[in-house]
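A.B. asks: Residues per chain, in single letters:
2 protein chains.
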Amino acid sequence: MGRDELLMIPGPTFMAERTLKAMSKPMISHRGEETGRMLIECIEKLKKVFRTENDVFILTASGTGAMEAAIANVVEPGDRVLCTTCGKFSERFKKIAEVFGAEVLEVASEWGDAVDPERVKEILDEHDDVKAVTVTHNETSTGVRNPVEEISRIVKDYGTLLIVDAISSMGGDHVPVDKWNIDICLAGSQKCFAIPPGFSFISVSDHAWEVINKTRRRTFYFDLPAYRESLRRKPPQTPYTISITLLYALEDALKLMFDEGLDNVIARHHHVAKIAREGVKAMGLRLFPVSEDICSATVTAVRLPDGIREKELRQKVRDYGVVISGGQDKLSGKIFRIGHMGRVTEREILATLQAIQQALLDLGVKVETDAYMQAIEKIR
Amino acid sequence: MGRDELLMIPGPTFMAERTLKAMSKPMISHRGEETGRMLIECIEKLKKVFRTENDVFILTASGTGAMEAAIANVVEPGDRVLCTTCGKFSERFKKIAEVFGAEVLEVASEWGDAVDPERVKEILDEHDDVKAVTVTHNETSTGVRNPVEEISRIVKDYGTLLIVDAISSMGGDHVPVDKWNIDICLAGSQKCFAIPPGFSFISVSDHAWEVINKTRRRTFYFDLPAYRESLRRKPPQTPYTISITLLYALEDALKLMFDEGLDNVIARHHHVAKIAREGVKAMGLRLFPVSEDICSATVTAVRLPDGIREKELRQKVRDYGVVISGGQDKLSGKIFRIGHMGRVTEREILATLQAIQQALLDLGVKVETDAYMQAIEKIR
Numbered sequence: 063m064g065r066d067e068l069l070m071i072p073g074p075t076f077m078a079e080r081t082l083k084a085m086s087k088p089m090i091s092h093r094g095e096e097t098g099r100m101l102i103e104c105i106e107k108l109k110k111v112f113r114t115e116n117d118v119f120i121l122t123a124s125g126t127g128a129m130e131a132a133i134a135n136v137v138e139p140g141d142r143v144l145c146t147t148c149g150k151f152s153e154r155f156k157k158i159a160e161v162f163g164a165e166v167l168e169v170a171s172e173w174g175d176a177v178d179p180e181r182v183k184e185i186l187d188e189h190d191d192v193k194a195v196t197v198t199h200n201e202t203s204t205g206v207r208n209p210v211e212e213i214s215r216i217v218k219d220y221g222t223l224l225i226v227d228a229i230s231s232m233g234g235d236h237v238p239v240d241k242w243n244i245d246i247c248l249a250g251s252q253k254c255f256a257i258p259p260g261f262s263f264i265s266v267s268d269h270a271w272e273v274i275n276k277t278r279r280r281t282f283y284f285d286l287p288a289y290r291e292s293l294r295r296k297p298p299q300t301p302y303t304i305s306i307t308l309l310y311a312l313e314d315a316l317k318l319m320f321d322e323g324l325d326n327v328i329a330r331h332h333h334v335a336k337i338a339r340e341g342v343k344a345m346g347l348r349l350f351p352v353s354e355d356i357c358s359a360t361v362t363a364v365r366l367p368d369g370i371r372e373k374e375l376r377q378k379v380r381d382y383g384v385v386i387s388g389g390q391d392k393l394s395g396k397i398f399r400i401g402h403m404g405r406v407t408e409r410e411i412l413a414t415l416q417a418i419q420q421a422l423l424d425l426g427v428k429v430e431t432d433a434y435m436q437a438i439e440k441i442r
Numbered sequence: 063m064g065r066d067e068l069l070m071i072p073g074p075t076f077m078a079e080r081t082l083k084a085m086s087k088p089m090i091s092h093r094g095e096e097t098g099r100m101l102i103e104c105i106e107k108l109k110k111v112f113r114t115e116n117d118v119f120i121l122t123a124s125g126t127g128a129m130e131a132a133i134a135n136v137v138e139p140g141d142r143v144l145c146t147t148c149g150k151f152s153e154r155f156k157k158i159a160e161v162f163g164a165e166v167l168e169v170a171s172e173w174g175d176a177v178d179p180e181r182v183k184e185i186l187d188e189h190d191d192v193k194a195v196t197v198t199h200n201e202t203s204t205g206v207r208n209p210v211e212e213i214s215r216i217v218k219d220y221g222t223l224l225i226v227d228a229i230s231s232m233g234g235d236h237v238p239v240d241k242w243n244i245d246i247c248l249a250g251s252q253k254c255f256a257i258p259p260g261f262s263f264i265s266v267s268d269h270a271w272e273v274i275n276k277t278r279r280r281t282f283y284f285d286l287p288a289y290r291e292s293l294r295r296k297p298p299q300t301p302y303t304i305s306i307t308l309l310y311a312l313e314d315a316l317k318l319m320f321d322e323g324l325d326n327v328i329a330r331h332h333h334v335a336k337i338a339r340e341g342v343k344a345m346g347l348r349l350f351p352v353s354e355d356i357c358s359a360t361v362t363a364v365r366l367p368d369g370i371r372e373k374e375l376r377q378k379v380r381d382y383g384v385v386i387s388g389g390q391d392k393l394s395g396k397i398f399r400i401g402h403m404g405r406v407t408e409r410e411i412l413a414t415l416q417a418i419q420q421a422l423l424d425l426g427v428k429v430e431t432d433a434y435m436q437a438i439e440k441i442r
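Listed in order, the protein sequences are those of chains A and B.
Going left to right, the first sequence walks through residues 63 to 442 as the working numbering numbers them.
Going left to right, the second sequence walks through residues 63 to 442 as the working numbering numbers them.
Treat the hints as calculated values from the structure; they're not laboratory data.
All values derive from a computational prediction rather than experimental measurement.
Any given hint could be a false lead.
One copy or two, either will do: identical chains are not told apart, so a pair holds if it fits within one copy or between any two.
Once the Cα atoms are required to be at most 20 Å apart in a straight line, the calculated SDA-like pairs of lysine to any residue come out as [claimed, not checked]:
| # | residue 1 | residue 2 |
| --- | --- | --- |
| 1 | Lys157 | Arg290 |
| 2 | Lys157 | Arg279 |
| 3 | Lys392 | Pro301 |
| 4 | Lys317 | Arg99 |
| 5 | Lys336 | Asp432 |
| 6 | Lys296 | Glu374 |
| 7 | Lys87 | Gly98 |
| 8 | Lys373 | Gly94 |
| 9 | Lys276 | Gly163 |
| 10 | Lys378 | Arg365 |
| 11 | Lys276 | Asp117 |
| 12 | Lys107 | Phe320 |
| 13 | Lys87 | Glu313 |
| 14 | Lys373 | Ile216 |
Next up, chain A with everything else stripped away, as it sits in the complex (with noise of 0.2 Å):
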């Protein structure tokens, strides 16, 4: 970690030093046979990532670009959308769903809460006219995790598509796209993958490509066919310029993910994410997602103890070199968010305990000193 200063928010996240250095190669042809490989291949294995055989597709755009792209290539003015919210960015699909036109339906959980698959039936069956249903798989404004695979099996039933924001999740926690049934789901670049932001990722089903066109798309530069035709080319490319640069990011960090296996990523992911659970609850801290079974894997939320001011506690956490996060609009001020997605191991995720217990022991909050450390001990 050296000198700089530990990278612990819910996205961007460190990246390897060899990733890092990947990007310094010069610039190349965006239209030539090298950036024509690199794609072919970096998309060959997000489609591992992503457990589907479906079309994948980089734009170089962050993750609300991706949600842009699947809302816009599906939805005209007076279509109805029903969108599951319990967050920040399950709220951001509503308004895009909106700005694009939609007739939107929504069933709101509280923040903190996850997704009752139950009540999705119930508007499902109430109209039979939803030609998509959102649903946020990592609410990383939250730390809660949503029950993708319970939702998906109610909305098969009707037809209607089930597009799956796993912006903050993909690549660290197990969402298998075909498995599931997913029909346009998301990742982003600086979550998971470790590498900067500027590309997003989008998986498209063969029910997804139907309705596209079919589908009036008011968007240009996130219109799927051309993705999809550009790909085809010779050589293969994007249809409007890649970032080159982050290509060579993400090729060098989906090699670090395949060295390492992509279980076994997954597996550090919950690994890691067990032990900042039981960190912060050993410091007497209470987790702000509702129960534990509906924990993010890759970003923890924590209430504030009584008294204590985010921005004074994040402060003093990073006078002890680590960087984490507030929380975000009704949240601010009320919790904080360890990011632990990417590169991240034990080592990362007990400094960044450590210097949590030490801040909260400067604003005076009774600690009992390292029994953070004792509690880790009995899950490794």
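We have chain A; now place chain B onto it with these hints.
C.D. replies: This is chain B only, laid out in the frame that chain A set:
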């Protein structure tokens, strides 16, 4: 130039070694103080490059994303938009306007010719409800520079918005946004700024804001009011995650441009472009643009000699270590293009001309050896 190929296509262009290295800095938070500082400093410098006091924003998307932003923020279905077309990229503006439901009026010039301002005037006289006029300052596909200043003088008389794509010329050619009354102006990162693809820049005038505020905008990722609002937050930020690594590159590249002096950078581009033109003419080749006074400062398009196949020529040139481009769409197989933007100096353009001369000789074209050097001596 070492062992790497010399990249002389019209973007992406080769980068300074120090800018490549600047991208290896560790990842940081996209909402932290350091990102806010870089964002503001880069935007202030971009304003100087654009010669504007208008708002300027950085989008994490390639140039086409900025074109979509320009259209999606001001056009509603049924709005009249006048698109001036003279090549692939000016025609793209028309396609985007159509995607967003505009009723498009077109002033089309032959590919290789520039837009005729008088014809813009005729159309504006015929229709009193044209909401915006699009012009591509530097038509990368044909090597033509359009008379934006003349077109602007006309457009201003009608109170119509002027949208200018300066993606491949801003920074390398003279595009004074305020002096020319450009309401929305676009630039791309991988062109004269000599950083990787993935960023685009957009300026917005007061008049444009008035229109944007009254427009029902069918975009979320490119919603310009959201960018303005986020920039006012503390620390300043972007609404969706900015590509930190590209911001490192932009910061460094702008330093290089300001150290050299913006006028000097532009003069260098004009000088190199002149060398490119004199060089190919001395080899007996013909420029593609119909007259030399409309030739671009950043890309030179050249007709293929009779009997020479484009791919063969490009491969031969590449055998000598230089990558140039072919023609696009209907110009495929008819022209080749030399990009000379960003960090380009006499050294690179001379190496390029040398490689082209050698390739032509190899292919049996009669070229008076080193006539190009004599022609260039006269203008040095």
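A.B. asks: Could you run down the list of hints and mark each one as holding or not?
C.D. replies: Hint check:
1. Lys157 - Arg290: So lysine 157 and arginine 290 pass the 20 Å test across copies only (18 Å; inside, 27 Å).
2. Lys157 - Arg279: both (17 Å within a copy, 12 Å between copies)
3. Lys392 - Pro301: Between copies only: 17 Å across chains, 39 Å inside a chain, cut-off 20 Å.
4. Lys317 - Arg99: For lysine 317 and arginine 99, the Cα distance is within 20 Å only inside one copy (15 Å; across copies 34 Å).
5. Lys336 - Asp432: within (17 Å within a copy, 71 Å between copies)
6. Lys296 - Glu374: between (55 Å within a copy, 16 Å between copies)
7. Lys87 - Gly98: Cα proximity of lysine 87 and glycine 98: one copy only (16 Å, versus 27 Å across).
8. Lys373 - Gly94: between (48 Å within a copy, 12 Å between copies)
9. Lys276 - Gly163: both (17 Å within a copy, 17 Å between copies)
10. Lys378 - Arg365: within (17 Å within a copy, 65 Å between copies)
11. Lys276 - Asp117: Cα proximity of lysine 276 and aspartate 117: one copy only (18 Å, versus 38 Å across).
12. Lys107 - Phe320: within (8 Å within a copy, 41 Å between copies)
13. Lys87 - Glu313: For lysine 87 and glutamate 313, the Cα distance is within 20 Å both inside one copy (12 Å) and across copies (18 Å).
14. Lys373 - Ile216: neither (42 Å within a copy, 54 Å between copies)
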